[in-house]
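Top to bottom, those sequences are chains Z and R.
Residue numbering for the first sequence is 1 to 297, as defined by the working numbering.
Residue numbering for the second sequence is 1001 to 1337, as defined by the working numbering.
Hints were generated in silico from the structure; no laboratory data involved.
Take these hints with a grain of salt, some might be off.
What the hints assert, rightly or not - For the chain R half of the interface with chain Z, some residues (derived, Cβ under 7 Å), not all of them: (1) Met1002; (2) Thr1003; (3) Arg1035; (4) Leu1223; (5) Leu1224; (6) Gly1225; (7) Gln1231; (8) Leu1232; (9) Gly1233.
As the structure is a prediction and not an experimental result, all values here were calculated from the model.
By construction, the Cβ of each residue, glycine as well, lies at the ideal position given by its N, Cα and C atoms.
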Amino acid sequence: MGRVVVRVEGVSWSYDGVGGIRDVSLEIREGEVLGVIGPNGSGKTTLLRCLANLLKPHGAIYLDGRSLEGIRPRELAKTLSYIPSEYEGQPSLTVYDVVSAGRTPHMRGLWWESREDEEIVWESMRVMGVDGLAGRRVGELSSGERQKVRLARALAQRPRIILVDEPTSHLDPRNQIEIMEVLRLMALRGVSVVAVLHDLNLASAYSDRILVLKDGRAVACGKPSEILGESLLRDVFGIDVRILVDPELGRPIIIPLMDKELLGAGLKEYLDGVKELPRLKDTAHPGGTARQGKDNR
Amino acid sequence: MMTQARRLRLLSIIFLGIILTVILSLASLSLGASRIGLGEIVGILVGERVEGARIILDIRLPRLLSAIVVGASLSAAGAVMQGLFRNPLVDPYIGGVASGAAFGAVVSMVFGLSLFSPFSTYGIPLSAFLGALTALSMTLIFSRMGGGSPLSLILSGIAVSFLFSAATSLALVIGGEKSFGAFFWLFGSFVASSWRHLAFTIPASTVTLGYILLHARRLNVILLGDEEARQLGVNVALLRYGMLVSLSLLTALAVSFNGIIGFVGLVAPHIARLTVGEDYRLLLPLSILTGSWLLLASDLASRLLMAPAELPVGAITSLAGAPIFLHLLVRRAGRYG
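This is chain R alone, in the form it adopts within the complex (with noise of 0.2 Å):
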């Protein structure tokens, strides 16, 4: 019966999660300074070279597959931290994670790093990994010494991004001139996307995505409680170890290449929670996917607001996710203060 019913949602959620990726992404591909008719985009995707055909192909197809890629990691990167640390204000910002990824995205691109000199194009992510994993490892340590809590692992995230976001500007200012691009890159933009990112993020997510969701029954299981867990026959140790190593992958995919984009990982799982509940099954997949369209509609936003001049879409998302977070706040404080 309640396997069979969510069975049936998880299939339904697919579906209308496909529908509504395509329209969006249509959208995406039409709009922008020049309008470009859906009967020609259609024709454009299945090889006619007409006028146009370069816009779609090389700006707003990669620039769209950017965005989903992007939107996907943050939100089931965000889905499991706060599965994983029982907080539901966690996300991969305000863990410090992401802090950690653009610092390490920094360091690669200002100082360019030969630590990753033999495959040079993943000198960024590479470096960007290890900063997350630093900066993660960093906030769980401080959060424990603090004791533990579910407030002092928000604080200690919080100190942690702070500690790196200066460490980041002073990399900036050391780099002079070599930091110009990156200053536009950190507002975070999906300008950049390029084919050439995108052979390396969309493999390398898709594999990721895939490992979380294999996990998601084990994930469930890890939210009764650590203890109920482990006697239930969970290995909790060597379960979390992997999501932390997948969701600071995740994260510094994401940063890598397009630079800050907030409260996406945050508020995604949290619309689809009110929507599926705590089911990892279909918390994660709706996640996934209302990160995505988050992601699309605030690229489309950044482009057609103030068009033809474009805003920064790391912008729009902490415009528009900032009061939703701090509803969450105020909400919690209510029911648990």
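Okay, chain Z solo, but in the shape it has when bound (with noise of 0.2 Å):
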């Protein structure tokens, strides 16, 4: 595992008490996904955005070893990038518009870009497989159309750190598996990534490590396969779950489940007689055992 890059200690911040995060401490490693799940309002987002030094938290977060207010923020532009979950600018900006402004901490000239940055942004694009859309307004595309050029702006960026939230909400299976391989190749070629997923699957699937929040603390750190247990997900999501391993790659495969102690009051009250939540069987399969492919109807 890499180096340390980004040394968070004792970290807390919040909104007139509510929510936020508490005493949050962590190490994010040169080369890693640290992939950060946690129930709404756990905190995921307010510690993005306090790495990102768009929040002034208490407590100290070190780059490198300098405390990150010491930076000017031209400067953690270069070095660290962050993705908002959701795209708030203009729906008419081109696809070429987005990307560019990924240079903007590095340029040099006060209105164009030079010869390089249009290459990095056209390189960005290609990457992502946009560079077809360049001239396409952003609120025509696709979501995942837009998560992409999102992204190409973040390569645009040249980063040493990626922040990203939810990169996969409201996308199809094919686009989230996409996003998460171009995340986890940037983290082999070095670059540190740090993506708030909800989906427990892909946390599980292409996280190096995980961060488990729940109301503003830290509750868990580490592989995959070392914290995503049943007590704890219950203790964090308030869910059961079954849990099977990966039979190749060794890591957790989460099937998340109800009980019925779990609901809240008005449920069980729905519920009233309902001894037990009914589980969905698959007839066909009694069994339950795994389909080989077979798909006879």
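Please assemble the complex out of the two chains, which come individually in their own frames, going by the hints.
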């Protein structure tokens, strides 16, 4: 595992005492994918925004041993790229407009991109497969295409650290995998990737380490196979899970279940008289054995 | 490739822009109550003292330059506002800025406010600038209190605009006889344009436009959203304040001497955007040029439509602009509603 790039020491931030993160400590290493999971409102986005220096938390964050606060915004932007969960920009911007904005911290001229800047912009679009869309408006793209454009923007920034918030939400399986593969390949080239993920299986499949947040606190951090256990997930997410192990990669595969005891009071009342939540079995395969790719209906 | 293409595009915009401006300017100098031939105009401009020289030099030329300055200022202010708030339906009028400027100007005209007595020539524009800044701040504060959505920005701008219009009316009534000149001024016109005003407005607006143009690329980055702009190393708050002051200044300069001329600031950037897209490095220069053309043409129309009577140019731009604004509103509703 690579050297430590970012060190987070006892960081807390909250908005009027609500939500946020509390006393989080963490190390981010060179060339790793760090998945961040946790329920809604557990502080995942807040943590990313603190790391991006968009919030000024209590505690200390060091980048290469230097305090984050002491680094000029433009210098930080050459090192670190943050992709918020939603695109909030103008829908009428073209793909080229968005990706070339990634060169902003590197630009020497006041107005125009240099030839080198432009080459990097085109290369980033090619890597993400969106160079054919250069002149299209962002508002006309599918969510998968738009997400790739935003990732191309981050690539054009040539950062050593990428912070990305829910990169795969609203995407189809193919696009989810493509985005995760890009992040993993970037990590192989030495970039540290911190990705907030909602899909536990994507987090398990693509993270070198996973950080688990609950109510703003870091409750676990480690390899997927070490920390993704039934009791932790029940405690953090309030769900029962069945955990299988990928026979080839050894990574946990998580099947979420629901237990009657975990339901809210209103739902329990609604289920009045029902002792157990009925499980939906597929009767053609009563044993639940794995299918071998034969789809006979 | 792309950068090269955009550079060429900018050059062609500037080239065509100058040609069209010269054509419109010559038409504006030539046409009117008395027609003056092109040959004579050129002669007068190079210094020949012939009959008609006074009309050209003291009346039509200042008037023409005022139209260019006001058109350029209002459209640049509109283009900046639309990007800064990521809302295509705002301009200095809808944002309340112009009403604030008008109120400031009227107070200074009617009551001869002595706040700036050492700079008496600049009393009106300074007072208009303060009015513009106050109105813009109010619009932004109310909009934030109302949730900060694009809709709340427009509603709050309209409310502030009405508030200042009402205050302006009150000031005019209270002012009695002294308000007479201000009444006609309010309609918006280039009739009273003079070299004395231009000696102030041309340098002031040129400097402000230059400041905005210098920041064109950073304005592009703001279009990505505040968080993304900040993480790209742009000081969003500082840029925003600089731009708010600049657009208040441009609006105040436009309103101070030529009154209420609506819709240019809204329509010109839209026409420009249809042609060159969102890149401010092209959008700003073309908006500035388009605004100048629109006002040169409107001023010409105001003189010719009911000649020898003259229509207020503000009425012409509003007559032409209102349908365009409604069209934008309906189209936008269809797309996002």
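Verification of the hints:
Interface restraint check: Met1002(R) against chain Z, minimum CB-CB distance 6 Å, threshold 7 Å, status holds. Because the beta carbon of Thr1003(R) sits about 5 Å from the nearest beta carbon in chain Z, less than 7 Å, this interface hint is met. This hint is violated: Arg1035(R) has a C-beta 43 Å from the nearest C-beta of chain Z, more than the 7 Å allowed. Hint status for Leu1223(R) relative to chain Z: holds, with the closest Cβ pair at about 4 Å, below 7 Å.
Proximity of Leu1224(R) to chain Z holds as hinted, the smallest CB-CB distance being about 4 Å (cut-off 7 Å). Given the 7 Å rule on beta carbons, the hint for Gly1225(R) holds: about 4 Å separates it from the nearest Cβ of chain Z. Because the beta carbon of Gln1231(R) sits about 4 Å from the nearest beta carbon in chain Z, less than 7 Å, this interface hint is met. Because the beta carbon of Leu1232(R) sits about 4 Å from the nearest beta carbon in chain Z, less than 7 Å, this interface hint is met.
With 7 Å as the threshold, the beta carbon of Gly1233(R) comes within range of chain Z, its nearest partner Cβ sitting at about 3 Å, so the hint holds.
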